[in-house]
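Chemist: Each protein sequence line maps, in turn, to chains Z and S. Using my numbering, the letters of the first sequence map in sequence onto residues 1 to 114. Using my numbering, the letters of the second sequence map in sequence onto residues 1 to 112.
Treat the hints as calculated values from the structure; they're not laboratory data. It is possible that part of the hints are untrue.
Claimed, not checked - BS3-like mimics (lysine-lysine), calculated; alpha carbons at most 25 Å apart, straight line:
| # | chain 1 | residue 1 | chain 2 | residue 2 |
| --- | --- | --- | --- | --- |
| 1 | S | LYS71 | Z | LYS106 |
| 2 | Z | LYS71 | Z | LYS54 |
| 3 | S | LYS44 | Z | LYS71 |
Note that the coordinates shown come from a computational prediction; the quantities given were computed from them, not determined experimentally.
As a plain string of letters, each chain reads:
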Amino acid sequence: DQQVKQNSPSLSVQEGRISILNCDYTNSMFDYFLWYKKYPAEGPTFLISISSIKDKNEDGRFTVFLNKSAKHLSLHIVPSQPGDSAVYFCAASDGGGGADGLTFGKGTHLIIQP
Amino acid sequence: EAGVAQSPRYKIIEKRQSVAFWCNPISGHATLYWYQQILGQGPKLLIQFQNNGVVDDSQLPKDRFSAERLKGVDSTLKIQPAKLEDSAVYLCASSLGQGLLYFGPGTRLTVT
Numbered sequence: 001d002q003q004v005k006q007n008s009p010s011l012s013v014q015e016g017r018i019s020i021l022n023c024d025y026t027n028s029m030f031d032y033f034l035w036y037k038k039y040p041a042e043g044p045t046f047l048i049s050i051s052s053i054k055d056k057n058e059d060g061r062f063t064v065f066l067n068k069s070a071k072h073l074s075l076h077i078v079p080s081q082p083g084d085s086a087v088y089f090c091a092a093s094d095g096g097g098g099a100d101g102l103t104f105g106k107g108t109h110l111i112i113q114p
Numbered sequence: 001e002a003g004v005a006q007s008p009r010y011k012i013i014e015k016r017q018s019v020a021f022w023c024n025p026i027s028g029h030a031t032l033y034w035y036q037q038i039l040g041q042g043p044k045l046l047i048q049f050q051n052n053g054v055v056d057d058s059q060l061p062k063d064r065f066s067a068e069r070l071k072g073v074d075s076t077l078k079i080q081p082a083k084l085e086d087s088a089v090y091l092c093a094s095s096l097g098q099g100l101l102y103f104g105p106g107t108r109l110t111v112t
């Protein structure tokens, strides 16, 4: 039973265009959402997060949108750059009782084409 | 600031053998996590420590996996005996407890 779903295993985008990565979740107790970026042979690195009390958070070229009614979030990267090529994981936490370990999706492999 | 350290980076063992992984979290981070990432999947939480106490080990296969965090700093994760399906990357992460996790580079385990 996957509580965090990333239905696109891969996405190819031209350099300079917008990349949109999607994530759906089923657990209504999730209240904090994060995006992590992972390069081969490295651990995931934090990219951007959003609390359930917000619907948008922006950091430079990265914007995360949260639609709680649809249990959907998306990551927008504008403009896309070659260094953005990586696997992107959506993660969520319910923070219940101090057990705030993240639940991850399967990831989306973003490929930025020159 | 030094990141999360893990060793070894790679390990190859035969099934039924035992193996241990080591993790040193970011200084001052009270919360430590071990995750298992199987190829093509997202990381899955195995165990979470707060200082040297276990907060969540609900997904840890306790018949073969064990973990400890002595003195609330370093941690070791052990598998005994290993099975073929344990082949994965084992990621250690630490946190100040606000939901933002910092991951180490991982240990890639291959069980043959």
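Chemist: Taking the hints in turn, state whether each one holds.
Modeler: Hints, verified against the model:
{"no.": "1", "hint": "LYS71(S) to LYS106(Z)", "verdict": "34 Å, violated"}
{"no.": "2", "hint": "LYS71(Z) to LYS54(Z)", "verdict": "13 Å, holds"}
{"no.": "3", "hint": "LYS44(S) to LYS71(Z)", "verdict": "21 Å, holds"}
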